[in-house]
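> Listed below, chain by chain, are the residues.
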Amino acid sequence: MSTGRWYSVDRWFTPERGWAITALKVGVIVVVMLVWHAFFLFALIVMSLVGLRALMPKSETVSVLLGVPVDERWESISTRAWALAGQVVFVGVLTTLVAMQIWQTQGWGGDSTPYALAGAALAIAYLGGIIWYRWRQ
Amino acid sequence: MQNDVRKLREDRALSQGDLAKHLSVSRQTVNAIETGRYLPSLPLALAIGRFFGKAVEEVFHVDG
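Going down the list, the sequences are from chains A and B. According to the working numbering, the first sequence is numbered sequentially starting from 1. According to the working numbering, the second sequence is numbered sequentially starting from 138.
In isolation and in its complexed conformation, chain A is listed as follows:
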């Protein structure tokens, strides 16, 4: 049936084209959402930093969190907190590595390589630190 226009909407809008348009729409929505998600996360980080920076003169804890300890005691607290965090991460990585190895041995799949690499990186960083500070003092 002719509509008098140069194309027919019914004939042009085939199921295949409909699916293609839908796929395109979904793709655009996903990309827009990813971009917005990234933008939102970035904005959140920037706002947190700006907020913390504004609180910095009022709070010594905030100063440490921003990497500017106010005196030697706070520097010592920060160093020990980093050391504790590093130990917790190292134990967590090693525990997961062992668990993944057992999991793999049982033939249940999984890949322990990332945990082995993370553990190796932590160990190398620690040994590097020992060598560096031993050399410095």
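Keep in mind that the hints are not guaranteed to be accurate.
Unchecked claim - Taking lysine-lysine and the DSS-like style, the derived pairs with C-alpha atoms no more than 30 Å apart in a straight line are:
id, chain 1, residue 1, chain 2, residue 2
1, B, Lys158, B, Lys191
2, B, Lys158, B, Lys144
3, B, Lys144, A, Lys25
4, B, Lys191, B, Lys144
5, B, Lys158, A, Lys58
These aren't lab readings, by the way, just hints derived from the structure by calculation. Keep in mind the model is a prediction, meaning the values are calculated, not measured.
Starting from the known structure of chain A, arrange chain B on it as the hints suggest.
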């Protein structure tokens, strides 16, 4: 390790904030030193001794 920082400060009618300002540390750090929760570094211990006009071993001494 014990110290006489609180006594020396109170003898001079100074607040923890005043002493902290003179030593360029936080008031909380002065409080931690006075209560024995924090042992200052040698430079800070020397600065405390110098501020009160005393030797370090007159301000900080081993328990007992």
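> All the hints need checking, so say for each whether the structure fits it.
These are the hints, each one checked on the structure:
1. Lys158(B) <-> Lys191(B): Status holds; Cα separation ~19 Å.
2. Lys158(B) <-> Lys144(B): Holds, because 18 Å separates the two Cα atoms, which is no more than 30 Å.
3. Lys144(B) <-> Lys25(A): Violated, at roughly 75 Å.
4. Lys191(B) <-> Lys144(B): Since the Cα atoms of Lys191(B) and Lys144(B) sit roughly 13 Å apart, the hinted pair holds (cutoff 30 Å).
5. Lys158(B) <-> Lys58(A): holds, 15 Å
The earlier numbered hint that this structure contradicts is number 3, and it is the only one.
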